[in-house]
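**Q** Residue-level listing of the chains:
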Amino acid sequence: MKTHLLKLYMSELRNRRKKTALITFAIGWGALSLLLLMSFGRGMSETFSASFKGLGDNILIVYGGQTSKIHQGLPKGRRIRLYPEDVDLLRSRIPEIAEITPESFSRFEMRNGDRAVNRNVNGVNPCFGFMRNQIPQAGGRFVNDLDIDGSRRVVFLGWKVAEELFGDENPVGRRISLQRVPFTVIGVMKRKLQSSAYEGMDSDQVYIPFTTFLNLYSQRFVDRIHIQPEKREQSKWLEAEIRRVLGRKYRFDPKDEYANQIWNTVEGAEMSGKVFKGIEIFLAIIGGLTLLIGAVGVTNLMYAVVKERTREIGVKMALGAKRRHIVYQFLLEAMMIFVKGTMWGGLVAFNIVALVRMLPISYDVEGIAGYLLRPRFSADIFLLFVTVMGILVFMSGIFPALRASRLNPVDALRYE
Amino acid sequence: MIQLNDIRKVYQMGKLPFEALKGIDLTIESGEFVAVMGPSGSGKSTLMNIIGCLDTASSGEYHLDERNVAGLSFDQLSQVRNRKIGFVFQNFNLLPYATSFENVELPLLFNGKSAKQRKERVRELLDKVGLWEWHRHRPTELSGGQQQRIAIARALVNEPPILLADEPTGNLDSNSGREIMEIFQGLWEAGKTVIMVTHDNTVAGYAKRIVRLLDGRVENGRKSA
Ligand SMILES: Nc1ncnc2c1ncn2[C@@H]1O[C@H](COP(=O)(O)OP(=O)(O)OP(=O)(O)O)[C@@H](O)[C@H]1O
Ligand SMILES: [Mg+2]
Chain U
1 MKTHLLKLYM
11 SELRNRRKKT
21 ALITFAIGWG
31 ALSLLLLMSF
41 GRGMSETFSA
51 SFKGLGDNIL
61 IVYGGQTSKI
71 HQGLPKGRRI
81 RLYPEDVDLL
91 RSRIPEIAEI
101 TPESFSRFEM
111 RNGDRAVNRN
121 VNGVNPCFGF
131 MRNQIPQAGG
141 RFVNDLDIDG
151 SRRVVFLGWK
161 VAEELFGDEN
171 PVGRRISLQR
181 VPFTVIGVMK
191 RKLQSSAYEG
201 MDSDQVYIPF
211 TTFLNLYSQR
221 FVDRIHIQPE
231 KREQSKWLEA
241 EIRRVLGRKY
251 RFDPKDEYAN
261 QIWNTVEGAE
271 MSGKVFKGIE
281 IFLAIIGGLT
291 LLIGAVGVTN
301 LMYAVVKERT
311 REIGVKMALG
321 AKRRHIVYQF
331 LLEAMMIFVK
341 GTMWGGLVAF
351 NIVALVRMLP
361 ISYDVEGIAG
371 YLLRPRFSAD
381 IFLLFVTVMG
391 ILVFMSGIFP
401 ALRASRLNPV
411 DALRYE
Chain P
1 MIQLNDIRKV
11 YQMGKLPFEA
21 LKGIDLTIES
31 GEFVAVMGPS
41 GSGKSTLMNI
51 IGCLDTASSG
61 EYHLDERNVA
71 GLSFDQLSQV
81 RNRKIGFVFQ
91 NFNLLPYATS
101 FENVELPLLF
111 NGKSAKQRKE
121 RVRELLDKVG
131 LWEWHRHRPT
141 ELSGGQQQRI
151 AIARALVNEP
161 PILLADEPTG
171 NLDSNSGREI
181 MEIFQGLWEA
191 GKTVIMVTHD
201 NTVAGYAKRI
211 VRLLDGRVEN
221 GRKSA
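Those sequence lines, one after another, are chains U and P. For the first sequence, the positions run 1 to 416 when the working numbering is used. For the second sequence, the positions run 1 to 225 when the working numbering is used.
Bound conformation, chain U alone (with noise of 0.2 Å):
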């Protein structure tokens, strides 16, 4: 279209401001109801997803147990422990398995000075740390090869334990005891989501290198191992396998799942995983049957301006307007309220998403406000309305206009 005519078009626009501000808003409220309908539901998910990769991703969590079943002439209710040799057979039966760990715990006095809590002590080895998602703050490690060699006295805290030892202060490079053991600090936990623990949340917990522990606390057995698979499918069958090693070393049926006890974070995971999935979904279409609503009042209100331009259609065809000018006035017009509508309530939709995600969030496992409180903008859900609405109002649009062209322009005029 000609410049000049664009520049007429845009100062009848600018004139027309409050006959079209009904429509601009509609669009507006439209996409911010939507965007932030879905904003909020991809944030559940994603803070479902990373609580529940608090405890780990793709972990399998095997402990001992008592027999269940007769087996080999063996009496049933015989207690099956674990024992550190056993992380060993099984990374040799199992190459499918990626990683591996043992983990022995003891609830210790730990001491800084005279504030003192009684905690877990867990004995782990370096794998530990991404397995269960544990990532140091700036400035701090987790237990690594070398601690463990050299059974090094070091111990990384989890950061309420942090807190109730050191308050404000670094504890990295400090010392505390542990049951009157020095132990240097070599790392503090990042604060994480966690939706399941056992034996309290890691917040709670202190970790130290599984050698060290062994030699202080001269506890013989494990009372947990933490296993990896390569792939997060094979996570059932690596569970019987799991119990078809152990059970032929211990001598237990391997269907007996008393015996030896294992968490499948994976199939939890995945179970849950799809309630939230259903649910985004969920609010997606709810979503989508607003925008339809939407959709028939904003195409409503679009056929109501073209109409009630008719008239003045008329005196432009009388001056020697074209069809395409009349044609290319509406879907101006059109386009223009989308974007400004769009514009509004794609930018006030931004900023209560930005501002929700400033207020603070509790690291419990029951924080609800971490589900809430971190809604996700994404660029996706906005380009996916400003597509669907756009194309709803340039046809809202082009139909009326095309319309309007096509009349004699004496029956234009005369339209009341």
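These aren't lab readings, by the way, just hints derived from the structure by calculation. What you were told as hints is all true, and nothing was included just to trick you.
If you anchor each label on the Cβ, the simulated ranges turn out as follows: (1) P:83 to U:387: 41 to 47 Å; (2) P:130 to U:415: 28 to 34 Å; (3) U:6 to P:96: 18 to 24 Å; (4) P:91 to U:6: 24 to 30 Å; (5) P:114 to U:387: 35 to 41 Å; (6) P:63 to U:339: 44 to 50 Å; (7) P:96 to U:289: 34 to 40 Å; (8) P:96 to U:387: 33 to 39 Å; (9) U:348 to P:74: 39 to 45 Å; (10) P:115 to U:387: 35 to 41 Å.
For each residue, glycine too, the CB sits at the ideal point set by N, CA and C.
Based on the hints, put chain P with the ligands in the right spot on chain U.
**A** Frame of chain U, contents of chain P with the ligands only:
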């Protein structure tokens, strides 16, 4: 030159056809000043709309400057309206969301004139009708007489040879009406063909020829001295 031969216009009123023009034969030479008169419903507006290419006849032939209008497309008719005909309406028909300047500029926009040409022409025309100082105002801020003068400026901005006016003074008081008629008089003197519809004998007095319509027919086809 305007040549109408046996022009008929049939409106569909529900199921019944209604013939508003029943065979009009009329020739208007360039430079004439014609008043079309007749009782309400006699077909004056219908005739004007056909002459102005705002509407098409149901049958008959219309030659505008030797060219048969019947064969033209919508966009070609738009061009004819844009270059050859200026319209003045009873209710002014100014664009409500545009300023006086933009209203007068409109035919130039459809004619693809440059910004500089447009500015000069609009200024010239608004000066001519004495309303340049109102060029930033919108129609609602002007009196009826002023609006009609803006409309005349708009009708003339492309220098069309023909000016069509359907009851141009119908919505105006007698003073404003006289002003408008004096403008028309001047335009005719400057060589324009002026055709207007009116009920008012004083207004009709400005015209050099009166065409009387009655019930869809011309009562007097010939020039009246
Ligand atoms: N679009 C239309 N549909 C049906 N009938 C119409 C239409 N336009 C005009 N008519 C009829 O045609 C006849 C002539 O109408 P027209 O408007 O030409 O009269 P007119 O002479 O201009 O009257 P007035 O002095 O009241 O303006 C009238 O009977 C009118 O009802
Ligand atoms: Mg009339």
